[in-house]
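Chemist: Protein sequences, first through last, are from chains A and B. Just so you know, the first sequence maps onto residues 183 to 385 in the numbering used here. Just so you know, the second sequence maps onto residues 8 to 184 in the numbering used here.
Any given hint could be a false lead.
[What the hints assert, rightly or not] Which residues of chain A face chain B? A few of them, derived with a C-beta cut under 8 angstroms, are: (1) Gln205; (2) Pro259; (3) Phe272; (4) Tyr303; (5) Val306; (6) Leu336; (7) Leu378; (8) Met382.
[As the list claims (entries may be wrong)] Derived, one-sided and incomplete: chain A residues facing chain B with beta-carbon distance under 8 angstroms: (9) Leu208; (10) Leu209; (11) Leu213; (12) Val235; (13) Phe246; (14) Leu285; (15) Phe325.
Treat the hints as calculated values from the structure; they're not laboratory data. Given the structure is predicted, the values throughout are model-derived calculations rather than measurements. Virtual Cβ for every residue (Gly too), placed ideally from N, Cα, C.
The residues making up each chain are set out below.
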Amino acid sequence: MPPESPPVATPAPDASAPSPALQPGLLELFLAFAKMSLAGFGGVLVWARRAIVEQHRWMTAEEFNETFALCHFLPGPNIVNLSVVFGSRFRGIAGGLAAFAGLVGPPMVIATILAALYARYGDVDVLRRTLAGVACAAVGLLFAVVLKMMMPLLKRRDVTGLVILAAVFVAIGLIRWPLQIVLLVAIPLSLAITILTRRMVKA
Amino acid sequence: MNSESNPIAALLWTFGLMSLFAVGGANSAIPEMHRAAVGVHHWLTDKQFADVFAISQLSPGPNVLIVTLIGYSVAGVAGALAATVAMCGPTALLAYYVSRFLDRSRDARWPAIIQAALVPLSIGLMAASGLIVAQTSDQSWIAVLITIVAAALAFATRINPLWMLLAGGLLGFAGVV
């Protein structure tokens with residue numbers, strides 16, 4: 183982070199106030215989420231945790247983990263869900279909207295400008311070659327995230343989990359079945375297996 | 008639904024529905040975006056899809072903004088707005104209500120069970136996303152090598168990923184890829 187970066191949302195949180203009592207206002211929510219979003223190249227989660235837990239102390243580490251877990255198992259873009267849940271916890275629906283607008287608004291403007299540039303200059307050979315190179319690296323980053331997320335399953339030797347993982351990969355990635363159909367089968371199946379194995383572990 | 012007559016309606020319908028099934032975040036929805044945008048609606052070519060993915064990774068913000076780019080190429084600024092709202096709106100509303108509901112049933116065990124059941128699904132989906140994008144972006148051995156090196160570095164080191172995107176871009180610029 184550049185030293186002059188937090189001009190707005192951190193007016194030196196008065197040290198006397200206990201951390202959970204720090205209640206962000208609407209503008210503060212908007213600006214905080216805009217900032218973490220604009221810092222978040224290739225994913226906002228790292229920055230969101232940093233801002234919410236470490237900088238502003240709006241949540242403890244545990245509260246953040248719980249909130250993110252909830253947003254992870256709900257459908258849709260995790261971090262977008264997180265912004266709405268987080269904002270509304272402090273300031274109701276208006277707070278949710280403020281955080282959401284901060285997270286999505288400014289980067290959307292940037293993405294639209296990039297899209298316009300691409301539409302105009304997308305055929306220029308140099309740009310195409312450059313983007314092709316970026317795409318190769320970007321896929322690599324995606325694979326790295328997949329590997330990192332697989333590590334807990336591997337460490338636990340969670341065979342059923344890994345089989346489900348592989349089955350979804352084959353159905354969507356190789357056979358290219360539509361997502362909805364695969365999930366309509368896979369979600370109940372995975373739920374049933376999870377409940378069964380927990381019962382067996384207990385018994 | 009009838010995408011030829013009204014592209015905005017097609018965008019709203021496609022991404023609104025897709026978001027409700029996108030367990031595990033925007034990246035795990037990429038196979039479905041590819042299927043819808045390239046296969047079903049012919050909004051983009053394979054190559055354009057890979058480019059759009061690259062742009063979305065290059066620009067700051069949540070990864071879901073790839074739908075902004077797809078929307079823009081279909082119907083300009085209105086399309087960008089429609090795709091983004093459709094992809095984020097319904098699930099955000101859902102998250103709001105579920106979170107309020109969960110706050111009231113704090114001590115229940117079933118949230119943990121549901122989460123445990125969904126984790127392998129979301130990882131499998133993300134792996135499939137990687138494969139599908141890789142099939143269009145990695146057309147040469149050098150390209151495959153770049154992908155592998157970037158994956159290894161991002162997995163094993165704490166180097167800022169932006170450097171890897173930059174390095175990939177430079178190699179592409181130099182005509183190596």
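Chemist: Taking each numbered hint in turn, which are not upheld by the structure, reported in ascending numerical order?
Modeler: 1, 3, 4, 5, 6, 7, 8, 9, 10, 11, 12 and 13
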